[in-house]
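Protein chains: 2
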Amino acid sequence: MYALSATPAVVTTVDLDGNVNASAMGAVVRIAHDPVAVTFTIGLGRDTAYNVSATGEFVVNIPSFSPKDLRSMCLTGADLPAGKNELDYAGLTAMDSRVVKPPRIAEYDRHFECRVLWNMQWRDRLTIVGEVVAASCSSDVMDEHGKLIWEVARPATYCGGPYGLTFTSSFERTTVKLGSEVDDLMSSLRPTPPGYAGVMGNHASGEKR
Amino acid sequence: MYALSATPAVVTTVDLDGNVNASAMGAVVRIAHDPVAVTFTIGLGRDTAYNVSATGEFVVNIPSFSPKDLRSMCLTGADLPAGKNELDYAGLTAMDSRVVKPPRIAEYDRHFECRVLWNMQWRDRLTIVGEVVAASCSSDVMDEHGKLIWEVARPATYCGGPYGLTFTSSFERTTVKLGSEVDDLMSSLRPTPPGYAGVMGNHASGEKR
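As you go down the protein sequences, you meet chains E and Y in turn.
Note that this note's numbering has the first sequence beginning at 1, numbered continuously upward.
Note that this note's numbering has the second sequence beginning at 1, numbered continuously upward.
Derived by calculation from the structure, the hints in this document are not laboratory data.
There's no promise every hint is true.
Any copy, or any two copies together, can satisfy a pair, since identical chains are not distinguished.
To be verified - 27 angstroms max Cα-Cα, derived BS3-like pairs, lysine-lysine:
#: 1; residue 1: K177; residue 2: K84
#: 2; residue 1: K84; residue 2: K101
#: 3; residue 1: K101; residue 2: K177
#: 4; residue 1: K147; residue 2: K84
#: 5; residue 1: K177; residue 2: K68
#: 6; residue 1: K177; residue 2: K147
#: 7; residue 1: K84; residue 2: K68
#: 8; residue 1: K68; residue 2: K101
Okay, chain E solo, but in the shape it has when bound (with noise of 0.2 angstroms):
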C-alpha cells in the first residue's frame, strides 16, 4: 500500500525465567508527550507477546539508518527455535537497561525502556502501549539541549511489508514557519510546551559507550 510509515526498532522483552528475546518491528511510534508513550503491534503467539504480557516490561533500541543496523535489525526478526538468542544472531550485545529487566542493544544509539500501561488483543494481533520509564542515547546524538542531532543519529523508517526489507532515511528536515498569529491557535501539532524538557531528565543525560 501506500506506506504509513515509522520509526522501525528492535524490542528487547525477557521471559520471566529471564530470558531474552529480540524482535525487529517495522513501527514503534511514540502516541503521547507527556509522559512520553510509544505504541506497537505485534502478532499474538510472538515470543515478544507473551513476554509483554507476562512481565509488563520492554525495551525499544533504535537502529540509524546505516547498512550496518538495518541488518543487524533485519536478523533479529528471524523465527529461530525457542531458547536461540536473537541478539546473538544478529551479532548484537545486550547492555543492562536502567530501569527494567530487558537489556538495551549496545550497538544501536537510542534506548527506550518502558513500562506496558495497557494492550489490546485484536484479530490475531496485540496493540501494546507502553509509558517510556527511562531513555538513553549516545552522548554524539544529543546536543546539549536534549535535543536529537539528526544528521548524527540519522533516523530511518521502514517502508512496510509490500517493500520487502527497504527503509529510508529520515533526517533531511524542513521547518514549517506559520507567523505568530497563527502559531497561537495550534495545537495538533504544538511546538514543545514549556517545562517538557524536563519530563525525561532524569534518564536522558548523555551516555557514552
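Starting from the known structure of chain E, fit chain Y onto it as the hints suggest.
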C-alpha cells in the same frame, strides 16, 4: 525526545449533522497488513475524537514533503471556533470519498478511508484503530504494480513536539539483502505475502485529479 517518528496526516471526519472537521495528526501508522489497519492517538475533547466516536469513520489524507502540503497540513491543526471549517482555513478542497462520509482532501496525493475497529480511552487521550475500507491515490504516485513511486510521492515524517513544526523527507531508500537462507526465517519484517497486492485492488486503482 529522541524521535520515534511517523507519517503526518490530516484526518477528516464529520459530525452527526455532516459538518466536516479536519485535524493535523503527527503520527498515523499502519499496524496490520491484511486487511490493512491504521492507528492514531488524539486528545480527548478534540472534535476528531467526538466525531470518530459518534460516526465510526475517518479519512487519513497524506501530504507530501513539500512546503505547500506541510504548511496546509499544519494550518488544519488550528483551534478554530466551532463551525469554522479547517479545510477552508488551510486552503484545502474537500472531495467526496468512495465509501465513507468524511471527505478526502483533493490537494493531497494519498487517501485512506477507514472504519473504526476499536478505540481505547486512556489518560486524556483516545487511541483509535481503523480498518482501511478504501484507498486511493493520484495515478502519478503509483506504478503499474500498485506500489508507491517514492520519489514522486515524497513521503514526509513528523519530528515530534520538541522540534516544533519540523518534518523530514522519507524517500531516500535502502534495501537490506540477507541471503535466501536467512530470508526464510524472517517474520516480523517479512516481504509481501502472496496475494497481498490484491487486497486493496478494488479501491487502489489510480485516480487522476
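Given identical chains, is K177 near K147, meaning Cα to Cα at most 27 angstroms, within a copy, between copies, both, or neither? Result: close within a single copy only, 20 angstroms intra versus 32 angstroms inter.
Check K177 against K84 for me: Cα-Cα at most 27 angstroms, and say if that holds within a copy, between copies, both or neither. between (51 angstroms within a copy, 22 angstroms between copies)
Give the relationship of K177 and K68 under a CA distance limit of 27 angstroms: within one copy only, between copies only, both, or neither. between (36 angstroms within a copy, 11 angstroms between copies)
Homo-oligomer pair classification [K68, K84; C-alpha up to 27 angstroms]: within (21 angstroms within a copy, 50 angstroms between copies)
State whether the alpha carbon distance between K147 and K84 is at most 27 angstroms within one copy, between copies, both, or neither. Neither way: K147 and K84 sit 37 angstroms apart in one copy and 36 angstroms across, limit 27 angstroms.
Indicate which option fits the pair K68, K101 if close means a Cα-Cα distance not exceeding 27 angstroms: within, between, both or neither. Cα proximity of K68 and K101: one copy only (26 angstroms, versus 46 angstroms across).
I want to check one pair: K101 and K177. Are their C-alpha atoms no more than 27 angstroms apart within a copy, between two copies, both, or neither? neither (43 angstroms within a copy, 32 angstroms between copies)
Same-copy or cross-copy closeness of K84 to K101 [CA-CA at most 27 angstroms]: within (19 angstroms within a copy, 50 angstroms between copies)
In this structure, the earlier hints numbered 3, 4 are contradicted, and the remaining ones agree with it.
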